[in-house]
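S.K.: Chain by chain, the residues run as shown.
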Amino acid sequence: MERVGWMSLVLLVVYVVMHVAPADAGGGGLLRVVAALMFVGAVGVFRLWRRPIFWFAVALLPAFQVATAWWRTDDHIFLLVYWFLGLGLALTQKDCTRSLATVATLLLGGVFFLATLTKLISPEYVTGDFFSYMYLVDPRFSRFTYAAGLADKVDLLRNTSAVEDLGVNNLIVLTLQGYQQVGVLAQPFTWLVVGTEAALATIFLWPAESKPLHWARDVGIVLFVLGTYALAPVVLFGLILSVLGIAQARTRFGQIACLMLVPLLVLYGVVLAATGIGELSIAVP
Amino acid sequence: MTSVRRKMARPRLELIPIALLLVVFAVQRIHIHTQGLTPWMGGGFSMFTTVDMPHARHLRLYSRATRAPIPLPDDIDDLRLESALHLPDARRLRALAAEIEVSEPATLEVWTISYHRRSGEVHAHRLARIDIDP
Chain A
1 MERVGWMSLV LLVVYVVMHV APADAGGGGL LRVVAALMFV GAVGVFRLWR
51 RPIFWFAVAL LPAFQVATAW WRTDDHIFLL VYWFLGLGLA LTQKDCTRSL
101 ATVATLLLGG VFFLATLTKL ISPEYVTGDF FSYMYLVDPR FSRFTYAAGL
151 ADKVDLLRNT SAVEDLGVNN LIVLTLQGYQ QVGVLAQPFT WLVVGTEAAL
201 ATIFLWPAES KPLHWARDVG IVLFVLGTYA LAPVVLFGLI LSVLGIAQAR
251 TRFGQIACLM LVPLLVLYGV VLAATGIGEL SIAVP
Chain B
1001 MTSVRRKMAR PRLELIPIAL LLVVFAVQRI HIHTQGLTPW MGGGFSMFTT
1051 VDMPHARHLR LYSRATRAPI PLPDDIDDLR LESALHLPDA RRLRALAAEI
1101 EVSEPATLEV WTISYHRRSG EVHAHRLARI DIDP
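Taken in order, these protein sequences are the chains called A and B. Each residue of the first sequence is one higher than the one before, starting from 1 at the first, in the working numbering. Each residue of the second sequence is one higher than the one before, starting from 1001 at the first, in the working numbering.
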């Protein structure tokens, strides 16, 4: 419980630093100060984080962001609200460690279930159109298309700028360069992603408990965080999943591995911010 | 009997966030299908399912008489603009249209894209529109 409490405080600080910009809703600066005071209070006052009311107050920070502009709020900010709320509610229960593990397991299962479901009901996804587009236009993916020798660097750059200009030039249709070759990457990746998420949804929502299942959950979440956030560097999302991973872990491996993910992701976030690697793009030749 | 009463006295409150997750998902799906919300936002965990992502959306403003494009004003409120792009319902479009002054009858439209891998074609298509009068 202590570990989860401390790591959730880290989550709070990273959220405030990364997401509560002063420009946001006009009150970001104030929110930042309030959150910092909460953090200091939690550290200074003995075991404040053991009180449900503290986490309910913390949940209000991302909840405020969601309430003011839900239509432009990323999914992981919603997840942060659910987690802080769940943390507070679990502390009202007699066996709070067990309640916390239940919340974390069900949130992870629920998120992977929804991610799987929405992919399977999206015609663009199941036909492979989505990842074909990403491998031709989005620099996070097109660098692999280039590295695999499937498209020319100049063509990929043209694709990105052509799509950006679609609105400016009032065009209705344009053809992407290199579309014939990219299916080799896009098709297997389409099914690898949805297959992985479906497997994770299944193991986290599986009703019976067993040692192999606990191992599968712990290994699964660690591999998912490492694999996903190296490619799409959404550090806060990775951190939330890691903290949920710690809370649900029943094996020593899971607790330590998920715990190690937290400083690793924080460090990754700092490196990204300092070097701009998160803005990976193909250098103009 | 006592243990039953004890269990009854402590409802599983920690399940509330899971219920919220599902309710928000349902609300997001409704907004996607009825108001044109981008599936990448709004708490439904449907990022990476469609190319209809926020930055793929764009506005078109043109003269109703000649269909000639009219440049969007530079001083347009960013939040209103983003709001109309992400969720182009009638209320948000009206709010954005109110910020745009035109000298002739014009139409404001929100467009997005789709992609077809077999042809390699990116198609722009209209999501919503509103007429603006001088």
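Certain hints may be false.
[Claimed, not checked] Heads up, simulated SDA-like pairs for lysine to any residue below, C-alpha to C-alpha not over 20 Å straight-line:
id, chain 1, residue 1, chain 2, residue 2
1, A, K153, B, I1032
2, A, K211, A, K94
3, A, K94, B, I1016
4, A, K94, A, K153
5, A, K94, B, L1013
6, A, K94, B, G1120
7, A, K211, B, R1012
[Stated by the list, open to error] A short, non-exhaustive set of chain A residues, derived as facing chain B with CB atoms under 7 Å:
id, residue
8, F78
9, D165
10, L166
Keep in mind that the hints were calculated from the coordinates and are not lab data. All values derive from a computational prediction rather than experimental measurement. Built from N, CA and C at the ideal position, the CB exists for glycine as well.
S.K.: Evaluate each hint against the coordinates.
M.R.: Quick rundown of the hints versus the structure:
no.	hint	in the structure
1	K153(A) <-> I1032(B)	35 Å, violated
2	K211(A) <-> K94(A)	24 Å, violated
3	K94(A) <-> I1016(B)	17 Å, holds
4	K94(A) <-> K153(A)	59 Å, violated
5	K94(A) <-> L1013(B)	12 Å, holds
6	K94(A) <-> G1120(B)	58 Å, violated
7	K211(A) <-> R1012(B)	25 Å, violated
8	F78	4 Å, holds
9	D165	10 Å, violated
10	L166	5 Å, holds
Hints 1, 2, 4, 6, 7, 9 from the list above are not met by this structure, while the remaining hints are.
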